[in-house]
Amino acid sequence: MEYLDFNNHDFKKNLEPLQLPSRVPSTESRQYIYYETVGNKKNQKKLIKIFFSDKESELEKKRELLERLIEYRDTINIPELVMPEQIVRVNKQIVGFKMPFYDNNTNVITLLENKKVGLKYKIYLLKEVLNIINKMLSVYETKDNFFLCDIQSANFIKDQEDQIIRAVDMDSASLFNTIPFHSKYLSICNAIKGLNKYPLDERTDPNKLLYKPSIDTMYLQFAFMLLNTLSEQKSYTFDREIYFMYLERLSMLGVGHELIEALRSLMCDIPTIPITSELLDEINTKVNYSLIKR
Numbered sequence: 001m002e003y004l005d006f007n008n009h010d011f012k013k014n015l016e017p018l019q020l021p022s023r024v025p026s027t028e029s030r031q032y033i034y035y036e037t038v039g040n041k042k043n044q045k046k047l048i049k050i051f052f053s054d055k056e057s058e059l060e061k062k063r064e065l066l067e068r069l070i071e072y073r074d075t076i077n078i079p080e081l082v083m084p085e086q087i088v089r090v091n092k093q094i095v096g097f098k099m100p101f102y103d104n105n106t107n108v109i110t111l112l113e114n115k116k117v118g119l120k121y122k123i124y125l126l127k128e129v130l131n132i133i134n135k136m137l138s139v140y141e142t143k144d145n146f147f148l149c150d151i152q153s154a155n156f157i158k159d160q161e162d163q164i165i166r167a168v169d170m171d172s173a174s175l176f177n178t179i180p181f182h183s184k185y186l187s188i189c190n191a192i193k194g195l196n197k198y199p200l201d202e203r204t205d206p207n208k209l210l211y212k213p214s215i216d217t218m219y220l221q222f223a224f225m226l227l228n229t230l231s232e233q234k235s236y237t238f239d240r241e242i243y244f245m246y247l248e249r250l251s252m253l254g255v256g257h258e259l260i261e262a263l264r265s266l267m268c269d270i271p272t273i274p275i276t277s278e279l280l281d282e283i284n285t286k287v288n289y290s291l292i293k294r
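Sequential numbering of the sequence shown, starting at 1, is according to the working numbering.
Treat the hints loosely; a few may be bogus.
Unchecked claim - Pairs of lysine-lysine, BS3-like flavour, derived with a Cα cap of 30 Å: (1) 212 with 143; (2) 184 with 208; (3) 98 with 158; (4) 92 with 135; (5) 46 with 61; (6) 208 with 193; (7) 234 with 208; (8) 45 with 234; (9) 98 with 208; (10) 116 with 197; (11) 143 with 92; (12) 92 with 127; (13) 13 with 46; (14) 61 with 197; (15) 92 with 61; (16) 92 with 13; (17) 12 with 45; (18) 115 with 286; (19) 120 with 158; (20) 115 with 234; (21) 92 with 158; (22) 120 with 234.
Derived from the structure by calculation, the hints contain no laboratory data. No experiment lies behind these values; they were computed from the predicted model shown.
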């Protein structure tokens with residue numbers, strides 16, 4: 001494994017802090033711009049994420065995941081995933097990792113939560129996120145072993161130059177049964193407690209509610225992104241009764257039966273019905289699905 005090594009002096013000298021949009025949380029790391037020379041290409045802009053935690057157990061989890069992502073990057077070969085390139089060390093201690101940087105980008109949360117952005121465009125963005133999920137699930141070499149643990153709006157960007165959506169939080173993924181990381185939606189979702197299809201990972205502290213990553217958790221987190229957008233509420237805080245009541249409301253407003261059943265299957269101990277882009281076409285973007293009274 002090749003590392004990007006710094007000493008304390010070079011680390012402070014060569015890294016430029018990156019200012020994130022106010023709506024984009026940064027709970028696990030700081031982001032920096034780093035300029036590197038590759039062959040004849042000088043001043044190539046890269047992003048370096050430096051972890052807040054220096055706990056040995058947390059860094060070991062990150063190291064194991066990052067090494068696997070780097071090893072399988074070419075095999076996975078999904079351009080929409082912003083994969084790590086090198087592990088970063090300061091004085092031989094792992095502190096973070098280097099990844100590609102996309103200068104001209106817009107964070108998806110700023111689009112999905114913007115009331116001036118129409119629902120039609122928001123559904124397009126959600127379809128692109130869903131496309132990433134379904135691409136991940138279709139990679140033969142990592143099938144049933146590669147998952148995003150923290151699917152939420154702030155972990156995707158719209159690359160304005162290439163006009164595609166990219167997933168930028170790969171250090172919270174799980175590859176070949178690496179220990180899962182925190183999920184914003186699932187960690188406070190009471191509705192899934194007690195459902196057999198969402199077991200807690202036995203290797204983690206049960207109080208942290210770290211669920212075993214699966215196809216089910218991927219689709220559930222995407223469903224919360226979708227329902228957050230439609231309801232303009234934090235749907236991941238709904239209890240199961242409110243969740244089903246909102247699905248009934250969507251059905252009454254004309255959302256297609258197949259999409260409703262797919263969303264319903266996520267809250268029941270039955271096989272999950274995959275969510276596809278075609279199912280999102282069942283949403284009439286001229287209808288107001290909001291739970292906010294205006």
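Okay, which hints does this one fail, numbers in order? 4, 8, 10, 11, 12 and 21
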